[in-house]
Every structure is written in C-alpha cells, then in structure tokens.
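Novice: Sequence:
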Amino acid sequence: MATYRVKILEKEKVTHDVSRYKLEKPHGYDFQPGQATEVSLLKAGWEAEKRPFTFTSLPSDDYLEFIIKSYKGHQGVTKRLGEAEVGDELEIGDPWGTISFQGEGVFIAGGAGITPFIAILRQLRKKNKVGTSKLIFANKTNDDIILYEELKTILGHKFINIIAKQKDTAYDKGMIDKAYLKSKIGDFEHQHFYVCGPPGFIKAVNGGLKELGANPSTLVFEQ
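1 is the number of the first residue of the sequence shown in the UniProt record's numbering; add one for each residue after it.
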C-alpha cells in the first residue's frame, strides 16, 4: 500500500471534542465519498500508530478533510491529533471502505459514526440528488451533534436528532431501538439503510431493521 506525507493546513473546533483537519492533497489522490484511510501522526513514537479515519471532503476538492473526535481520556492517536498544530505532518495510505451511496434511503448514525455520511450527503447536495433520503442522528447531548447547521441545510425536516443523556433537549429523547425505527421509517422494503457508529450500535440497528422487514442486501455498513 502506498503512503503519502501531508501537512495540516487548517484545524478548527467543530464541537467541544471534535475537530476539523484540512490537509494537503497528494497529486492524483482520489477516493469515493464514504471511504476512509489509515492515518498516523509523524511525531516521535507515533509514526507506526495508524488509525482509520473517513474523508469528509469531496473528491473534487483540492484538499483533504477529516472530522475527528478526540478521546481525551485515552492516551491514544485521537488525543495526539487533538494536540496537533497547523504545519504538523501526517501519513495517510490508500483509500478503502465499503460504505458508498447505493440509492435514496435512511442514514442512521451514532456519534462520530456520522463521518462516512458527511461526504456522501455533501456530494448529493452538490448534485441536487438528496431526494427523499433522511438522516437519523443519535448523540448523548445537544452539544455532541456534529455539523448541525450544515446537515440541517442539506436535509431540512429530514434531519432527525435523538439525544440519550440530556433531559432538557428539544429533540427526541432516548436510544435508537426497534420501536423508534418503526416510528420514524414508513418503508422498510424499498430503500437502502446506511448505518455507522460503534459496533454495538451497528448490531442493534441492523437487527431492528431486519426484524422490521429490511432486506439484508439493502443494509450498507462497514464490515
């Protein structure tokens, strides 16, 4: 697998624990919306610590973008990236991934699991092909919602938020379970379902969708 050294061009906060990284784009580098790559920080002792992150920029952009949540309680790569500065170098590999747009449907994301859907939704908006697609986004609190304004602009009333741990939220409260899916989705047989989040989230959502009649072939998720 080829590797590429790229510099951080810009870095900014998106939420209290999520940052946007704008990077140099290697000449000829190409990917599809929804794909990811292995990333490592070129700092002493961290060069071999590679982690997968999803591109949130579009293939047509002249830069690469990642939106990454930093887990400050862990002494790991995301914490180190959170401490990185403009000018620092990263190493990336070739693009890979099985999440790609297959047709209109329902995007279901848990927390930072929204990232594979960002480039897909941006591309659909650019092509004016959002259509009937909707997004159900699960987070712990209102402050955890990534790119709220942009996603609201893209999807309008088809952007649905559910919050697990904030009592005074104006959004739906609770977790995404079978009953919630049934209340928000009218058709389980004739559209695609895109699911991303922690492993337990993916397992629970996919299980609920199948029980409600979704064909397993219509479930798009990283395997």
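Source of the hints: derived by calculation from the structure; they are not laboratory data.
Keep in mind that the hints are not guaranteed to be accurate.
Pairs of lysine-lysine residues, derived as BS3-like cross-links and limited to a Cα-Cα distance of at most 25 Å, are as follows [unchecked claim]:
| hint | residue 1 | residue 2 |
| --- | --- | --- |
| 1 | 13 | 152 |
| 2 | 50 | 79 |
| 3 | 152 | 173 |
Pair by pair, the computed Cβ-Cβ distance ranges are [as the list claims (entries may be wrong)]:
| hint | residue 1 | residue 2 | range |
| --- | --- | --- | --- |
| 4 | 190 | 44 | 52 to 58 Å |
| 5 | 152 | 7 | 30 to 36 Å |
| 6 | 213 | 52 | 39 to 45 Å |
| 7 | 46 | 1 | 39 to 45 Å |
| 8 | 3 | 215 | 24 to 30 Å |
| 9 | 125 | 223 | 43 to 49 Å |
| 10 | 83 | 52 | 17 to 23 Å |
| 11 | 86 | 143 | 22 to 28 Å |
| 12 | 5 | 59 | 47 to 53 Å |
| 13 | 152 | 26 | 28 to 34 Å |
| 14 | 79 | 7 | 31 to 37 Å |
| 15 | 143 | 5 | 39 to 45 Å |
Cβ atoms here follow ideal geometry from the backbone N, Cα and C, with glycine treated the same way.
Novice: The structure should be examined with respect to each hint, and the outcome stated for every one.
Specialist: Structure-based check of each hint:
no. : hint                    : in the structure
1   : 13 <-> 152              : holds, 19 Å
2   : 50 <-> 79               : holds, 13 Å
3   : 152 <-> 173             : holds, 19 Å
4   : 190 <-> 44: 52 to 58 Å  : holds, 54 Å
5   : 152 <-> 7: 30 to 36 Å   : holds, 32 Å
6   : 213 <-> 52: 39 to 45 Å  : violated, 32 Å
7   : 46 <-> 1: 39 to 45 Å    : violated, 19 Å
8   : 3 <-> 215: 24 to 30 Å   : violated, 39 Å
9   : 125 <-> 223: 43 to 49 Å : violated, 27 Å
10  : 83 <-> 52: 17 to 23 Å   : holds, 20 Å
11  : 86 <-> 143: 22 to 28 Å  : holds, 25 Å
12  : 5 <-> 59: 47 to 53 Å    : violated, 20 Å
13  : 152 <-> 26: 28 to 34 Å  : holds, 33 Å
14  : 79 <-> 7: 31 to 37 Å    : violated, 20 Å
15  : 143 <-> 5: 39 to 45 Å   : violated, 34 Å
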